[in-house]
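6 protein chains.
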Amino acid sequence: MRPDGRQSDALRPVRFEMGFSPYAEGSCLVKLGDTHVLCTASVDEATPPWLRGQGRGWVTAEYAMLPRATHQRTRREVTSGKPSGRTQEIQRLIGRSLRACIDLKALGERQILIDCDVLQADGGTRTAAITGAWLALKSACLWLKEEGVIKTDPVHAQLAAVSAGIIGGEARLDLEYEEDRVAETDANFVLTAGGGVVEVQATAEDKPISQGEFDALFALARRGVSALCDAQSAALAGRS
Amino acid sequence: MRPDGRQSDALRPVRFEMGFSPYAEGSCLVKLGDTHVLCTASVDEATPPWLRGQGRGWVTAEYAMLPRATHQRTRREVTSGKPSGRTQEIQRLIGRSLRACIDLKALGERQILIDCDVLQADGGTRTAAITGAWLALKSACLWLKEEGVIKTDPVHAQLAAVSAGIIGGEARLDLEYEEDRVAETDANFVLTAGGGVVEVQATAEDKPISQGEFDALFALARRGVSALCDAQSAALAGRS
Amino acid sequence: MRPDGRQSDALRPVRFEMGFSPYAEGSCLVKLGDTHVLCTASVDEATPPWLRGQGRGWVTAEYAMLPRATHQRTRREVTSGKPSGRTQEIQRLIGRSLRACIDLKALGERQILIDCDVLQADGGTRTAAITGAWLALKSACLWLKEEGVIKTDPVHAQLAAVSAGIIGGEARLDLEYEEDRVAETDANFVLTAGGGVVEVQATAEDKPISQGEFDALFALARRGVSALCDAQSAALAGRS
Amino acid sequence: MRPDGRQSDALRPVRFEMGFSPYAEGSCLVKLGDTHVLCTASVDEATPPWLRGQGRGWVTAEYAMLPRATHQRTRREVTSGKPSGRTQEIQRLIGRSLRACIDLKALGERQILIDCDVLQADGGTRTAAITGAWLALKSACLWLKEEGVIKTDPVHAQLAAVSAGIIGGEARLDLEYEEDRVAETDANFVLTAGGGVVEVQATAEDKPISQGEFDALFALARRGVSALCDAQSAALAGRS
Amino acid sequence: MRPDGRQSDALRPVRFEMGFSPYAEGSCLVKLGDTHVLCTASVDEATPPWLRGQGRGWVTAEYAMLPRATHQRTRREVTSGKPSGRTQEIQRLIGRSLRACIDLKALGERQILIDCDVLQADGGTRTAAITGAWLALKSACLWLKEEGVIKTDPVHAQLAAVSAGIIGGEARLDLEYEEDRVAETDANFVLTAGGGVVEVQATAEDKPISQGEFDALFALARRGVSALCDAQSAALAGRS
Amino acid sequence: MRPDGRQSDALRPVRFEMGFSPYAEGSCLVKLGDTHVLCTASVDEATPPWLRGQGRGWVTAEYAMLPRATHQRTRREVTSGKPSGRTQEIQRLIGRSLRACIDLKALGERQILIDCDVLQADGGTRTAAITGAWLALKSACLWLKEEGVIKTDPVHAQLAAVSAGIIGGEARLDLEYEEDRVAETDANFVLTAGGGVVEVQATAEDKPISQGEFDALFALARRGVSALCDAQSAALAGRS
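Residue numbers (full-length UniProt numbering), protein chains in the order written: chain A, 1 to 240; chain B, 1 to 240; chain C, 1 to 240; chain D, 1 to 240; chain E, 1 to 240; chain F, 1 to 240.
Just chain A, with the same shape it has in the complex:
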């Protein structure tokens, strides 16, 4: 039995609050059970020097947690003077994933900065962040098109992310915090609505897993991403 009684292949309840941040060009508060992540997309016309004159744009991401997003308070990273290794890994992952679904030439010489700030953390914050960040990015691109800044929407693929893991030998979809901390293997999948593979990160914590176990996790993830993409589409439809 899972802590909240879900089936092993079930997602937690998902909800997207579009336009949560009124000043951002695109934003979405994603709620996946008790994991809440605020994702904003900021369009920056002042591109960084290395981007200039290349006729293409860039998408990058930052990630952080509010100190009391967690059961126990977490120290602010500014206190230690730099983002932790975990934070850097996550922001690199979000940025790479989003760049795989956008045509940077069609975006033009501008940068979109994605901020993912975790207001409440109950496991799966990085995958929730990617799922919400895609909506923020998409909204910002639609805004750019509506404003007449660009002619075509540069986002060429829809994507979402989900975690899966093995607990007591059982493969489970979308681990919450209590499951995550005891999982033997933890995996994150970023996949497209059309079944394409964007990122796979699987880690056996204590001992290696078999090929069959890896395949089971992958199958769960495909199922989860499909459901998340449906929910994203509904949220986008409600935006207009």
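Hints may be right or wrong, so weigh each one.
Identical copies carry no separate label here, and so any pair may be met within one copy or between two of them.
Lysine-lysine pairs mimicking DSBU-like chemistry, simulated, CA-CA at most 30 Å apart [to be verified]:
1. Lys105 x Lys31
2. Lys151 x Lys105
3. Lys31 x Lys145
4. Lys151 x Lys207
No lab work stands behind these hints, which were simulated from the structure alone.
What you are looking at is a predicted structure, and each value in this text was computed from that prediction instead of being measured.
Given the coordinates of chain A, work out where chains B, C, D, E and F should sit on it, guided by the hints.
Chains B, C, D, E and F only, in chain A's frame:
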């Protein structure tokens, strides 16, 4: 005329969402017009070394803004490796103000950490943070008492904070961002419900002000704090 | 009785040594009792990028203490890699205060950097620094005028700063270290010779003070600033 | 055709120089074509505080490149004050992978620190580092057993790592630098000699890949790891 | 001709103001021409952990310049977050030199921290700092003896330091700033009153010097140190 | 008797592996007994801003040790965020020494960056680094000439460096680690093949040494540098 049509002595609409952060011992999302600050109070039984064996507790505060709380995106402070001078001033101010309304001996040898995170910024974030932080602190102390950890509520005074400024020679209460950036003088007052003075910080930006102008700002602040304290009391009553 | 037998409304003996630093465009060693602060003003024609093309100048300040300015040795701030929150607050206060008494357009596109280095600390270093910094700034502006770099002296107001506090219920002017550490309330006032208000910072340490107490502190400060401005004028007269 | 004429499923020539660092408890210079990584294992009996009293040990890793390991000189990371995000990701990956093949209880309360320093870089440094680090770790554990410090060798699995990628639609094993920089998809696999999965990290750079492409990369990696494990075994045999 | 008309083997006028810092256990403001360095010695009974239980003490030094000690203002090192390489070299040199003239066992388990702060810089600040630091250290040790903390004065040798350099082929003693910046070779000597060698640091800036030139610099330094030691002795005598 | 049975005036066996780093414009792995330092020279045509338009080049150096170059593992300096004082002193020494043997105008507006990375440390790493760095620099300059980038070799002097010290009252050449840690006095000499003096750094650790002892160290160093220069010449001859 003020941007939103308010009288010069009127506050923006105020709303307190108590218990916004489910994991924190006390929390409050304060909304003062378009300024939204999430305040949490975390009880830490593992006191810092310098506090041990003194038979008293401590209250300290941290403050930050989400990057896209502002009209233009602001860089995260972790990027530059340390909190800015402005941030440090604000967190010192919040901590000092709260320590003036609590009996640290009655709190016992434990620390309460206040986190004020600005989700949306439209001027007056530091005073909104203090007003909300008092509610978070009060809630955490009530929780400590309800849990039987302490016998009496150590909070001996109710306080709130508000800004006032001079624009075009006119004294105005509770400046929003558009007013704040053109104000000739900016002042912040932390006062108690009973009329006590906790902190006064007045700054003439371009040229000195007269004693009369200073007194007018102080009078506005007293009026504003009184209204904020009433709203706090209502929010606390609704908590139980 | 105060430690040195002064009346509650009396300043410590004050002395200004003009031109203490031979290389600086303006300088003053201010001695207020056993508090000694070296203030220098450095004219920098190479303005920072954000200032260029705006037809106006800038005044900024830095503050530090020698490690053995204090009774117990204090760690150098470079050891911890950044100025403390206290230091940043003080340098921001000094800079703001000075900018309120100078016409930045009349200064032209150049920067004046004020350095306040505490050689000996016996309480009230920040207010002594402001009082001395005004003399250093004024001297540098007179030098600029004498050199023919600018036509008119851009300093349009004379200012000084002083502390006041409440000890055992009594309001006292110009606290020395032994008083400062036991004061219930500590306040700093930056006022002009003409009675204008530039900065007020009042902090109740343990419990709020009454409006009457606040007014008493303000009255003491006016008296102190008036005496300090007289001493400044004498020092300036002696300069020529 | 690949730059060096290899088949798409062929590794570069591999060579392990065991005991390269005379002072280390275990060491190996791994050469995979023109990629040379020096891996050392240092046994530290002074365990970190968080490890004490738990009856188990720890394995952690650090990774760096000499400035002129690369075609163009790379800045030292100490110059910017912290390891880059890339470096932190790699050292976390190495540490996690090694901890999945060792019984930390059997290791006892001691720490083994793995250092992977790239002397020459021609692509695939992180996977070469893992492959060499396993040999350094294994050597240090055998040394601990030979010295009588521990009774049984705590390393319960043999592992190696290899990269694979897609270039011009073709799946290739063990990319060198010239291939790596143009690859559409880059994947790293850490697998055991017995076929177990320890880590999978696959990243589609520009656009998502199909499930079939992902499977092709995985198949290549299995083949490559098998060959690397054979070479490791031979190197270990030659050690005694 | 030298800038101030001195002979090539002449020191600048030297003056020691003993007890300049009233709070320090030992202090001296050394003036060597226009180079003024404030040296303080602080006794710290709370020794660092690595010193405990070894039955001996330690002497260490820190060095800094006030921003406007120089003709052009110098940035504070705290601004860049760490002492420069030059500063670290100088403080290591001062500390090493002083440790060579003191019996650390006779000092007992306590630390003496030397602070050398340059108030005015006209060349030769590091050697002036050593010469003044010896007086501060000696004073602090005499104070420890007078207070009855230690039985015997642990300072077993008297030392001073001086610079010498080659300009236009001529060897000169005690370079001032205008000479220092054009010198072909710059050397610093720390020698004892009895002719012992404590530190020699000679650097040929543009091209190597001959053995004869090196010997000439050494001879000048011996002469200079002898005169400085005489002046130190006179200052010490005047102290009592 | 010395640890390895050498005479007091004998060097350890010396070996230079030219071209160790295939990507560098010049490189040399210098082995002096068990001290192994990899020295590379990187030509950088993108000169730093302060160098531009002056018609001359620059040579600078960096130095580091691999963590397990030493008997006990040493922490990486990136972990503490900055190079240690010792490291900065060494890199400044290497850079200064090399600049004294090269005509920076003849080098043209380009920079040569020397990297000295210690693979194995058994005492004398800084002097070995200088000796090897000269070979790397010379190789890079010959490469620049062979490539036709410059017309004449700008290196106008050959230099090498060696340590000497006093142990038990005996002067010894080229100390290894076991000797270095017990030496009463430690000195490093950078001299040219023609007998010129480039750098002298002598430090009496516990007590001053006599002039005669200093002269004995200098004489040993001359002998050692002469032998090292012969070995350098042989290595350079073998290069062509």
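Evaluation of the provided hints:
1. Lys105 x Lys31: neither (32 Å within a copy, 39 Å between copies)
2. Lys151 x Lys105: within (12 Å within a copy, 45 Å between copies)
3. Lys31 x Lys145: Within one copy only: 27 Å inside, 32 Å across.
4. Lys151 x Lys207: between (51 Å within a copy, 21 Å between copies)
Comparing the model with each earlier hint shows a violation of hint 1 alone; every other hint is respected.
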